[in-house]
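For the sequence shown, my numbering gives the first residue as 292, with consecutive numbering after it.
Please keep in mind that the hints were generated in silico from the structure rather than gathered at the bench.
Please read all numbers here as calculations on a predicted model, not as lab measurements.
Among the clues, some could well be false.
[Said to hold, decoys possible] Below are the DSSO-like pairs computed for lysine-lysine, each with C-alpha atoms no more than 30 Å apart in a straight line:
1) K312 - K340
2) K323 - K340
3) K300 - K362
4) K323 - K312
5) K300 - K340
6) K340 - K362
7) K362 - K312
8) K300 - K344
9) K362 - K344
[Stated by the list, open to error] If you anchor each label on the Cβ, the simulated ranges turn out as follows:
10) P320 - D294: 33 to 43 Å
11) G322 - V379: 17 to 27 Å
12) V303 - D378: 19 to 29 Å
13) P343 - L318: 10 to 20 Å
14) S307 - K344: 16 to 26 Å
Idealized CB from N, CA, C, for every residue including glycine.
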Amino acid sequence: TSDNGVFSKHTVDYGSRVLVKNVNYDLIPAGKILDLGTGYGPIGIAIAKAFPKREVDMVDVNELALSLAQKNARDNRVDNVHIFTSDVYDQVTD
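Sequences are here, hints too, so could you generate the full structure?
Below you can see the structure in the form of structure tokens.
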């Protein structure tokens, strides 16, 4: 689910698609994964769903985007995410 007021509301943008296709997920170190600038959450939710034993922190400054990310996580039955407001790393503690 997306809406007016969030980046790339109609589709996942080209840069994000290139990133997802080119990340070597086998090389991601243990621990939490950070989705910085999560928007409505397509990347963070997809990673959390693909790796249910990993925790994904999803942060953004856009409150509308964060509420949509929470809805999208619920709708996709993804519960290994923590979605919260942070301006870049300001509120990221781990």
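Sort out which numbered hints this structure fails and list those numbers smallest first. none
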